[in-house]
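Enquirer: Spelled out from the first residue to the last, the chains are:
There are 2 protein chains.
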Amino acid sequence: MKTSYLLNIKTLKRVVCLVALSSLMPIQVLAVSTATQHPTLVVNQQDVVTMRAAIKQPGLFKQAFTEKKQHVDHYIKQPIIVPIPVDAGGGYTHERHKKNYQHMYDAGMMYQLTQSPVYADYVRDMLLQYAVLYPTLPLHPKRKSRNEGKLFWQGLNEAVWMVYTIQAYDFIYDSLSVEQRKQIESGIILPVADFLSVQSPHTFNKVHNHGTWATAAVGMTGFVLDKPELVEVALLDLSKSGKGGFLRQLDELFSPDGYYNEGPYYQRYALLPFVTFAKAIEQNQPERKIFEYRNDILLKAITSTVELSYNGLFFPLNDAIKSKGIDTVELVRAVSIAYGLTNNNDLIDIARQQDHILLTGDGLKLAQAIDQNTPSKYAFDSRVFLDGKNGDEGALVVMRQNAPNAQAVVFKATAQGLGHGHFDKLTWQFYDDGAEIVSDYGAARFLNIEAKAGGRYLPENITWAKQTVAHNTLVVDETSHFDGEVKRGNANHPDMVFYHHDDTATLASAVIDTAYNNVTFERTMALVTLPKSQAPLVFDIVDVDSSTAHQYDLPVHYQGQLIDTNFARNASVNTLKALGEANGYQHLWLRATATPKAANDKSSSLAQITWLNDNGRFYTHSSIATSEQQYLFTQLGANDPDFNLRNENSFIQRVSGAKQHQFVSVLEPHGEYNPSAEYTLSATSKLTSLNYQRQDDISVISFQMKTASDTDSTYVLAINHQQTKIDAERNNKLTNSFAYNNKQYSFSGRYQLLEINK
Amino acid sequence: MKTSYLLNIKTLKRVVCLVALSSLMPIQVLAVSTATQHPTLVVNQQDVVTMRAAIKQPGLFKQAFTEKKQHVDHYIKQPIIVPIPVDAGGGYTHERHKKNYQHMYDAGMMYQLTQSPVYADYVRDMLLQYAVLYPTLPLHPKRKSRNEGKLFWQGLNEAVWMVYTIQAYDFIYDSLSVEQRKQIESGIILPVADFLSVQSPHTFNKVHNHGTWATAAVGMTGFVLDKPELVEVALLDLSKSGKGGFLRQLDELFSPDGYYNEGPYYQRYALLPFVTFAKAIEQNQPERKIFEYRNDILLKAITSTVELSYNGLFFPLNDAIKSKGIDTVELVRAVSIAYGLTNNNDLIDIARQQDHILLTGDGLKLAQAIDQNTPSKYAFDSRVFLDGKNGDEGALVVMRQNAPNAQAVVFKATAQGLGHGHFDKLTWQFYDDGAEIVSDYGAARFLNIEAKAGGRYLPENITWAKQTVAHNTLVVDETSHFDGEVKRGNANHPDMVFYHHDDTATLASAVIDTAYNNVTFERTMALVTLPKSQAPLVFDIVDVDSSTAHQYDLPVHYQGQLIDTNFARNASVNTLKALGEANGYQHLWLRATATPKAANDKSSSLAQITWLNDNGRFYTHSSIATSEQQYLFTQLGANDPDFNLRNENSFIQRVSGAKQHQFVSVLEPHGEYNPSAEYTLSATSKLTSLNYQRQDDISVISFQMKTASDTDSTYVLAINHQQTKIDAERNNKLTNSFAYNNKQYSFSGRYQLLEINK
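Respectively, the protein sequence lines represent chains A and B.
Just so you know, the first sequence maps onto residues 1 to 758 in the working numbering.
Just so you know, the second sequence maps onto residues 1 to 758 in the working numbering.
Accuracy of the hints is not assured; some may be wrong.
Note: identical chains are not told apart, hence a pair may lie in one copy or across any two.
[Claimed, not checked] With a cut-off of at most 20 Å between alpha-carbon atoms, the simulated EDC-like pairs for lysine to aspartate or glutamate come out as follows:
id	residue 1	residue 2
1	K62	D355
2	K577	D642
3	K659	D371
4	K577	E648
5	K322	D614
6	K659	D87
7	K725	D125
8	K389	D251
9	K56	D433
10	K322	E672
11	K206	E581
Note that these hints are calculated values from the structure, not bench results.
Here the structure is a predicted model, which is why all the values come from computation and not from measurement.
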């Protein structure tokens, strides 16, 4: 039956104790029965027994039950409406059918919990109406090509409808007469399953999240109706070849680290049919050990979704609306299932933040853990998430300081991420103290607001949000990566050079030579804690190489108010002009320009820009300004007649007519602005110098920081850039030597941070 | 001794029960003693007895004590430093002397609570150092004219130092030998008192908050040293004439409603010496009934400060930094003293929000009330705060819906507010769901950030923040009220026309004819709940009249993203230009223009502008667009080379070459945008028409709203504008009649809201 999960992944350390669990399980669950016992999908009979007891005890679960019951009691008194489908997404019949599956699911669950027939009758009556309507339906009048539905304009919605509805049917199955079952199964359940599978082979066999919804719907139908054939095709594709189907989807849609290449915004959506069907498989075919499949790929997918977040919100990678976070209902379900399997206490912390108790057996376990104040703290830590089904198409790197709301760097060296991908190779984001500091625009979209392009992606999603200049990465000659062509983007990806993590520092480097013809650029980032410093520093080296001369732009999109620069700026005060003509540049107003080295003619080439975030902290970006390096200060909002864009601020480091160039910079969080308590601390940077040298494989970054006693400490950060397979990094026996100030230093391993005493 | 407080003000209904209180008081407090018992200022001996008991019991008070003790224990181990004063504000010696008084106060209190001599010794040793230093000091080298100090560059700081230090001295008085007292009193206490009074007659006698700090310092010194002479001059001025001094300050610095004409940002600061000295007077001369003085003016000043806030933050009136709120330490002290006097449970709610327990007798009472979960809810309600010492210089009107974070309208028809006043006669602000919706810029200042004009008010505070166009009120010919002259502003004020409040609506109207030569404008605002509507509507009528033609601008500074307008806009897409040359207009970029009526040539003249606030709600501003009425869409940030301004958005209704004009508009909160849960509700306005007529004294506003069943309801709001004294409004027996659609209607009272059935 259930076996222990030997989880390799770091955050799921606790192992389910087989003996302890088994001893709690009633015999009917442990025994393999030939006739299906209902319910048999996400919730089983034993779950129902414990839930019925729990709703009699005070606690979170009872609260959630009471609230849900009020809601269900309200709507089951309303007339049942099963309209003939006519509207597209957002229209009346579309929304009605969406509501109906939700209502059937909740009423079915309420029947299991209360055993009151009114709830079962409601589901029955609605299903009977569907059973009458469905056989009469042609394809939906507003259907889209290739993925068509009958109840809905898209087959995707039809599959989602079925995933919920089959669970509702499972809940009330035992309350129905044989005749009623026959009517419902022959009128609606089997026809929908047939429509989603045999009649929609393109979607059903497709290795894509739309396919996952379809296979989940059909496979779960197979379990409830005791039709193993449906389960088989769901798992292996219509011809049972294994070229498509749920198992192949598990093989290919996630990287070995559980990263989904469209990013977390779409990952949490894709996750739901995976975990729901898998839970049903675990229930009915435990011998498959589905959650252990491909080294626990589903549990990795769940935890990676959780970990691709900061302060409860997902990192906005690719097309992503920023307010989406870990409390999304899909992740609530996924986390509850993961907890049910692993009893991993860390997940209680996530469930607490999600603040949403599910009326399932796993939901009950979480509710009880929260009620009992079980100590838990999700161990967010630095991680590399390899991209690509084989883990060889770049990676997403998350560097974290280990404290709540402490610093996080997101370094995106992933593959393109299909149609929702952005042209943002080797971009980064920075978070601190709960807030975005160096940010990504996310998607340009006002979801479901009719006045804003019908609530769909705005035109500016293409003209701005996807363009390279909208990200914190290299733009060559004012054009986007892959010339903004998705196909070229999908065909290429960056390569990881290395990833290293220890208690003092997290470092990573990646390289790409396909984003631009004849241009290679490597980016190396490091989040480093200095011995005497409160906040860590972020180091950033962008090393560009081409055999021909280009203009290189490196934007930093910062959140906050510009406080100061250590160089003179030349501002446009009475007139603003758009910075460029195309590829996103047409949306940037040019507010000021500066050439720090040339203008100031200082021996020091340190260019510093300080801003103040709404979180009350200061951030200084220090960079080495070569004499040709220009700084442009921009504000978003040009060519935006519909006021579709947020008016955010950026600065761009620009070098023109260069073949090689290194952009070297340090980001430093510092101080506090507290106008309420009327104090301001450390409003200026402590960094006083910054130098960079490349010595063969070794980067040598030296810098000085002001100490508390107002003297300067000198540090050298030496990094070895030799390429290493990510999973071999730990065994890395690099030996290195470099020169600094005419003195030779040597070290072993990926990097060394030295404090130099004069 | 203590007598009952017969409080008229609404929020302080509970009356202290004399008998009950007396029976709890030990005899030594009730008896008038000739020799002073220490401590004798804000904290008395009985307080000390109860506090000593409380720190032995678990609870908030003990927590606060433990934290404070840790802090004090840390710094009393450091060497005492009493430097020769050399630095101006923010400099080392300035900050050191500020820290010293805070340290002495806390250590003195710690002595009272623990009776451990180490704390008393620390205060003693520091005072002895001051006693040696002070007599040697000349005037401060960085002194400012007219208000000079010795320890500090400003006499104001010297007075604040003394207010704290005399309390510290009072705390340790009993631990000192007669000789030590003599040294301290002759070396520092009396010389400072003398410096603040006899040697600084201009400040000491001034009816101004600087004078209050000085009189409080000197008067409290009189109590501690048992020198009634000092108390007398503090109360009545140096010549005991009563032309200055604390009592005269109480007479003049607040309006009869407790409004302080600089606004709440400065009011909370001014409040501290008032309540501290008053508490000491109450302690030592209870027969003065100081808290009953001028109809409880001090309690009114405390509650009005609390009530001039939304969601915990003060309304940004005049020069105000927006993050300042009710948790400011000055208001923490004031609220505790008010609670100590009145036992008004409403204040517990405020104390809970302040989240700061004071180590005083009153602080203990509040801590215990919070520990015991005493039910309390501060009754924020609509209020009019008359301005001017006689209550006849306009008013600040706050209109509120009665629910947490519900709508609030601030209608500012106050006097200028001296040097920190803005040229913003009859401006308004709107709040909803915890957020600013129609906003005021507040002060242009980054407090204490050196890079931003030394942390002082920015140049843009004058060129933008104080100018009329920076507010939501009428600008004539692109010039500011009173031509931006403070003196003219102080010499004039608006007049209230009426104020009315009942369960359905709050209405107010005010008029001014001195802001511009030969131009009179009356503004009438109403916050009205419709029978079938969820959110209330805000009505706004600005009625301008001149005998000569002018350009009239009426800006709305909105917080959020523009979603839609129901008319075409002509946007600047490649170039932005500043809207004007001066008076704030030079800081506005012109993003778009529109002439809705002319452009669309519609029969309907309804111009609608919808934006989305970060709080997730939509707001539609609907106005009657006459054919000449132009709409300008602007963004702040032109002529701002130092990036000093926030880039906020506004639209301006503009009429050119007109003598009379009525701007009539309605603001409507609606719907919800929830991209996290993926739904959007009611993104469009329900208002479908708006008409206005003035019939003699009666405004007749008719409008239609879409109902749930998608039909229109027609409403008429009729308002009588007849001027009435504010406090006579309740007895108002207005009778009115008006015509609508050729039908005659009549009503009595200030207004009527009718739903018209066709």
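Enquirer: All hints are to be evaluated individually against the structure, with a verdict given for each.
Expert: Hints versus structure:
Taking the closest pair of Cα atoms, K62 and D355 come within 20 Å of each other only inside a single copy of the chain (14 Å); across copies the shortest separation is 32 Å, beyond that limit. In the homo-oligomer, the alpha carbons of K577 and D642 lie at most 20 Å apart both inside one protomer (18 Å) and across protomers (18 Å), since each shortest distance falls under that limit. Taking CA atoms no more than 20 Å apart as the test, K659 paired with D371 passes in neither setting, with 62 Å inside one copy and 69 Å between copies. In this assembly of identical chains, the alpha carbons of K577 and E648 lie at most 20 Å apart whether taken from the same copy (16 Å) or from different copies (19 Å).
Proximity of K322 and D614 under a CA criterion of 20 Å is satisfied in both settings, with 17 Å inside one chain copy and 12 Å between copies. In this assembly of identical chains, K659 and D87 lie within 20 Å of each other by CA distance neither inside one copy nor across copies; the values are 56 Å within and 53 Å between. With identical chains, the CA atoms of K725 and D125 are never at most 20 Å apart, being 59 Å at best within one copy and 66 Å at best between copies. In this assembly of identical chains, K389 and D251 lie within 20 Å of each other by CA distance solely inside one copy; the values are 7 Å within and 79 Å between copies.
Taking the shortest alpha-carbon separations for K56 and D433, neither the intra-copy value of 42 Å nor the inter-copy value of 36 Å comes in at or below 20 Å. Proximity of K322 to E672 under the C-alpha cut-off of 20 Å is restricted to the inter-copy arrangement: shortest distance 16 Å between copies versus 26 Å within a copy. Taking the closest pair of Cα atoms, K206 and E581 never come within 20 Å of each other, the shortest separation being 40 Å inside a single copy and 63 Å across copies.
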